[in-house]
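Participant: Sequence:
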Amino acid sequence: MKIAVSGKGGVGKTTFVAALARVFAENGKKVIAIDADPVANLAVTLGMKNVSEIVPISQMKDLIKERTGASDEYGKFFSLNPKVTDLPEKLSLEHEGIRLLVLGAIKRGGGGCACPESAFLRALLSHLIVQRDEVVIVDMEAGVEHLGRATVRAVNALIVIVEPGSKSIQTAFQVKKLADDIGLKSIYAVGNKVASDEHKSLIKNGLNNIPVLGFISYNDKILESDIVGRAVFAENDQLLSEVRQIKENLVQSTKGT
Numbered sequence: 001m002k003i004a005v006s007g008k009g010g011v012g013k014t015t016f017v018a019a020l021a022r023v024f025a026e027n028g029k030k031v032i033a034i035d036a037d038p039v040a041n042l043a044v045t046l047g048m049k050n051v052s053e054i055v056p057i058s059q060m061k062d063l064i065k066e067r068t069g070a071s072d073e074y075g076k077f078f079s080l081n082p083k084v085t086d087l088p089e090k091l092s093l094e095h096e097g098i099r100l101l102v103l104g105a106i107k108r109g110g111g112g113c114a115c116p117e118s119a120f121l122r123a124l125l126s127h128l129i130v131q132r133d134e135v136v137i138v139d140m141e142a143g144v145e146h147l148g149r150a151t152v153r154a155v156n157a158l159i160v161i162v163e164p165g166s167k168s169i170q171t172a173f174q175v176k177k178l179a180d181d182i183g184l185k186s187i188y189a190v191g192n193k194v195a196s197d198e199h200k201s202l203i204k205n206g207l208n209n210i211p212v213l214g215f216i217s218y219n220d221k222i223l224e225s226d227i228v229g230r231a232v233f234a235e236n237d238q239l240l241s242e243v244r245q246i247k248e249n250l251v252q253s254t255k256g257t
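All residue numbers for the sequence shown refer to our numbering, where the first residue is 1 and numbers rise by one.
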């Protein structure tokens with residue numbers, strides 16, 4: 001399974017990615033979780049320690065320069081297909097059966113030429129999605145910027161996390177349009193922070209033709225885990241139970257893709 005997860009900021013993408021990674025790992029699957037959100041919180045959500053010491057891959061300038069052949073001079077050539085096959089083992093952190101890679105942010109606009117960084121991260125992500133045999137789950141910002149046209153064919157599902165509310169639902173349609181533009185058709189939604197049947201109906205009716213894989217209830221233990229600094233799924237049977245059902249629905253929905 002190769003899964004990308006997107007959605008508006010604050011809807012609970014990272015919580016879902018961490019719990020889904022845990023559910024796959026507890027079934028004996030090898031899992032690589034990729035933090036591709038500029039606001040990188042997946043490590044702490046998985047319960048990893050010393051997360052402030054993690055250096056995002058996009059900030060590894062010497063490595064990127066070495067692999068892409070880029071120079072400091074503007075306009076110079078660099079490789080669009082750098083060697084990355086050895087990096088998942090070298091750059092990932094392992095925690096309770098889950099490997100984590102933190103990609104980091106890409107500078108845009110006036111921040112200088114980010115082309116070598118972008119090419120490097122795209123090559124690494126493409127390798128992970130297309131060539132590796134682990135379950136790969138990508139925590140993305142509200143878009144599909146990290147997914148090139150070459151990688152989308154290997155993605156089994158793009159899951160948009162939606163909370164009750166028109167802004168979150170509108171973001172889901174924006175993400176769907178971006179995904180459609182690059183040919184990614186297997187798009188699903190998961191409702192989060194759901195506190196009533198009315199919330200479920202609001203999400204289902206609002207999403208119209210985007211299939212909903214399931215719902216995650218509003219859960220005080222999720223906030224508590226952040227306060228005390230433990231994994232979001234630790235001591236949270238309700239969250240794991242709901243995500244297990246979502247995972248089963250996902251597997252059934254993507255058979256043959």
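Think of the hints as simulated: they come from the structure by calculation, not from any bench. All values derive from a computational prediction rather than experimental measurement. Careful, some of the hints might be misleading.
To be verified - Capping the alpha-carbon separation at 25 Å, the derived lysine-lysine pairs in DSS-like fashion look like this:
(1) LYS29 / LYS204
(2) LYS90 / LYS65
(3) LYS167 / LYS83
(4) LYS200 / LYS185
(5) LYS29 / LYS90
(6) LYS90 / LYS30
(7) LYS30 / LYS49
(8) LYS255 / LYS221
(9) LYS29 / LYS49
(10) LYS30 / LYS200
(11) LYS61 / LYS29
(12) LYS65 / LYS30
(13) LYS255 / LYS29
(14) LYS255 / LYS49
(15) LYS83 / LYS49
(16) LYS221 / LYS200
(17) LYS185 / LYS221
(18) LYS204 / LYS247
(19) LYS61 / LYS30
(20) LYS177 / LYS167
(21) LYS49 / LYS65
(22) LYS204 / LYS167
(23) LYS185 / LYS90
(24) LYS65 / LYS29
(25) LYS255 / LYS30
(26) LYS90 / LYS61
(27) LYS61 / LYS177
(28) LYS185 / LYS167
(29) LYS255 / LYS204
(30) LYS221 / LYS177
(31) LYS185 / LYS255
Unchecked claim - Pair by pair, the computed Cβ-Cβ distance ranges are:
(32) TYR218 / PHE77: 34 to 40 Å
(33) PRO38 / ILE227: 22 to 28 Å
(34) ARG153 / SER196: 37 to 43 Å
(35) GLN59 / ILE227: 25 to 31 Å
(36) GLU89 / GLU198: 46 to 52 Å
(37) ASN81 / ASN50: 31 to 37 Å
(38) LYS90 / GLU248: 21 to 27 Å
(39) LYS90 / ASN50: 14 to 20 Å
All residues carry an ideal CB built from backbone N, CA and C; glycine is no exception.
Participant: With a cut-off of 25 Å on the C-alpha distance, tell me whether LYS255 and LYS29 pass.
Facilitator: Answer holds: LYS255 to LYS29 is near 17 Å, not above 25 Å.
Participant: A range of 34 to 40 Å was offered for this pair. Does it hold for the Cβ distance of TYR218 and PHE77?
Facilitator: violated (52 Å)
Participant: Per the hint of 25 to 31 Å, is the separation of the Cβ atoms of GLN59 and ILE227 within bounds?
Facilitator: At roughly 28 Å between Cβ atoms, ILE227 and GLN59 fall inside 25 to 31 Å, so the hint holds.
Participant: Given the hinted pair LYS61 and LYS29, is their Cα-Cα distance within 25 Å?
Facilitator: Violated, because 32 Å separates the two Cα atoms, which is more than 25 Å.
Participant: Is it true that the CA of LYS61 sits at most 25 Å from the CA of LYS177?
Facilitator: violated (33 Å)
Participant: Does the structure keep LYS255 and LYS49 at a Cα separation of 25 Å or less?
Facilitator: violated (36 Å)
Participant: Checking one constraint from the list: CA of LYS185 to CA of LYS90, max 25 Å. Satisfied?
Facilitator: With Cα atoms ~33 Å apart, LYS185 and LYS90 exceed 25 Å; violated.
Participant: Taking 21 to 27 Å as the hint, is the beta-carbon distance of LYS90 and GLU248 inside that range?
Facilitator: violated (34 Å)
Participant: For a C-alpha distance cap of 25 Å, please report whether LYS49 and LYS65 respect it.
Facilitator: Violated - the C-alpha atoms of LYS65 and LYS49 are around 29 Å apart, more than 25 Å.
Participant: Do the alpha carbons of LYS90 and LYS65 lie within 25 Å of each other, as the hint requires?
Facilitator: Holds, at about 17 Å.
Participant: Does LYS221 pair with LYS177 here, judged by a C-alpha cut-off of 25 Å?
Facilitator: violated (34 Å)
Participant: Are LYS29 and LYS49 close enough, with their CA atoms no more than 25 Å apart?
Facilitator: Within the cut-off at roughly 23 Å; holds.
The structure fails hints 1, 3, 8, 10, 11, 12, 14, 15, 17, 19, 21, 23, 24, 27, 30, 32, 38 (numbered hints given earlier, in ascending order).
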